[in-house]
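Engineer: Chains Y and F, in that order, are what the protein sequence lines are.
Quick note on our numbering: the first sequence kicks off at 41 and runs consecutively.
Quick note on our numbering: the second sequence kicks off at 47 and runs consecutively.
Where hints are given, some of them may not hold.
[Said to hold, decoys possible] Mimicking DMTMM-like on lysine to aspartate or glutamate, the simulated pairs with C-alpha atoms at most 20 Å apart in a straight line are:
| # | chain 1 | residue 1 | chain 2 | residue 2 |
| --- | --- | --- | --- | --- |
| 1 | F | K212 | F | E49 |
| 2 | F | K254 | Y | D111 |
| 3 | F | K145 | Y | D216 |
| 4 | F | K117 | Y | E227 |
| 5 | F | K254 | Y | E108 |
| 6 | Y | K56 | Y | D84 |
The hints are simulated quantities; they were obtained by calculation from the structure and are not laboratory data.
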Amino acid sequence: PSPLSQAFPLPSLPRKQPTVLVVCGPAQNGAIGLVCARHLRIFDYEPTIFYPKRSPDPLYRDFTTQCEKMDIPFLSYLPTEVQLINDAYNAVVDAVLGAEAELGEGRGPCAGILATLKHVRIPIVSLDVPSGWDVEAGSSSGISPDVLVSLMAPKQCARRFLGRQHFVAGRFVPYDVQKKFELNPPEYPGTECVVPL
Amino acid sequence: QEEAQAIDQELFTEYKFSVDQLMELAGLSCATAIAKAYPPGSFTKSLPAVLVVCGPGNNGGDGLVCARHLKMFGYEPTVYYPKRPNKPLFEGLTTQCQKMDIPFLSEFPAEAALIDELYGLVVDAIFGFSFTGAVREPFGSILNTLEHVTVPVASIDIPSGWDVEKGKADGLQPDMLISLTAPKKAARHFAGRYHFLGGRFVPAALQKKYSLNLPPYPGTDCVLQLS
Chain Y
41 PSPLSQAFPL PSLPRKQPTV LVVCGPAQNG AIGLVCARHL RIFDYEPTIF
91 YPKRSPDPLY RDFTTQCEKM DIPFLSYLPT EVQLINDAYN AVVDAVLGAE
141 AELGEGRGPC AGILATLKHV RIPIVSLDVP SGWDVEAGSS SGISPDVLVS
191 LMAPKQCARR FLGRQHFVAG RFVPYDVQKK FELNPPEYPG TECVVPL
Chain F
47 QEEAQAIDQE LFTEYKFSVD QLMELAGLSC ATAIAKAYPP GSFTKSLPAV
97 LVVCGPGNNG GDGLVCARHL KMFGYEPTVY YPKRPNKPLF EGLTTQCQKM
147 DIPFLSEFPA EAALIDELYG LVVDAIFGFS FTGAVREPFG SILNTLEHVT
197 VPVASIDIPS GWDVEKGKAD GLQPDMLISL TAPKKAARHF AGRYHFLGGR
247 FVPAALQKKY SLNLPPYPGT DCVLQLS
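The shape of chain Y in the complex, shown without the other chains (with noise of 0.2 Å):
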């Protein structure tokens, strides 16, 4: 949530109310769309949660109550009429997929609602990795999102990222893990933990 109030502050959003639509996938990708939209709450957003394909992980449902604890609303069912989602929001979370995603999972049972996010208007904030591309190899016909946030490192696909703003959010992998894998991260500033690039 860090990130999108960095890349949509508050007070900039066009409409009167800061709505955010999170379109939360089946997996873990959802799942940390599911977390930032509670976050989304506490900082005074007004996020509304698209979940079809519920997780039975239990971890993953009691995130759901949480939301709904907090009377973030759950939509059940996407409309597909791309201008209501233009009209209803400033700005859409995507949490369908992340780097675990199979290859043709696009084409999956998300392929629906990929296939309308591919033509909203409004930015959209796809986490880890915008969702339906391949991690290595990027999409040429898939989502564009406006913003990336990369968890822990940039994907390598992160690389055919176009949009306006980049940012590496997770500030929790240990330095030798770091060294391991040769993440070199940015330096974090202060006690934040997000970084743009």
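Please arrange chain F on chain Y, whose structure you already have, making use of the hints.
Structural biologist: Frame of chain Y; chain F shown alone:
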């Protein structure tokens, strides 16, 4: 004290937060507050060395999380953790610290003067808001020593050894207090320089229900300086 416990209970049973989640956010708040009040460059010693004293319960767990984040922020924390609960949560937190090369002392520095020599700050993560009754060893002696250090002490949630509501006039007098969720009654007796609020996870509905009347946190910060 009862209200604080009631809020905690609701967070766990109604909202389904896990202890891990809230402890991580609490510990991160503590490290962030410390970094704001005592930035690494402000230490007079050559290294920004911090001693983190962890008690036997959740306050100790907050201390372990805090130590880990202090390391990420460029400090050199050392932990003293004499009574470790046999639970995966605390074992995991300990492992995370150890794997990040945070040393664990096998014995507590014998004298306050030694602590003053070695460290620029002490984090008191011994007892929290659930504390009642008498202080058991080794924490009695530890608190005695801490009462005589001259380097600043930052207490997590409650200055250890204080009555959670009434304070303790002849007890530990920390320089910093990081109140978690909301200040406890004892905070009225806090006389140190820095009072921060941390633990930015209480949903608006709960804040209302318990009339917490918390001032707003700045932007996306996880801490708020109260004084």
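Engineer: For each hint, tell me whether it holds in the structure or not.
Structural biologist: Cross-check of the supplied hints:
1. F:K212 x F:E49: Given that 20 Å is the threshold and the Cα spacing comes to 15 Å, the pair holds.
2. F:K254 x Y:D111: Given that 20 Å is the threshold and the Cα spacing comes to 14 Å, the pair holds.
3. F:K145 x Y:D216: Holds: K145 (chain F) and D216 (chain Y) sit about 9 Å apart, inside 20 Å.
4. F:K117 x Y:E227: holds (14 Å)
5. F:K254 x Y:E108: holds (17 Å)
6. Y:K56 x Y:D84: holds (13 Å)
Of the numbered hints listed earlier, not one is contradicted by the structure.
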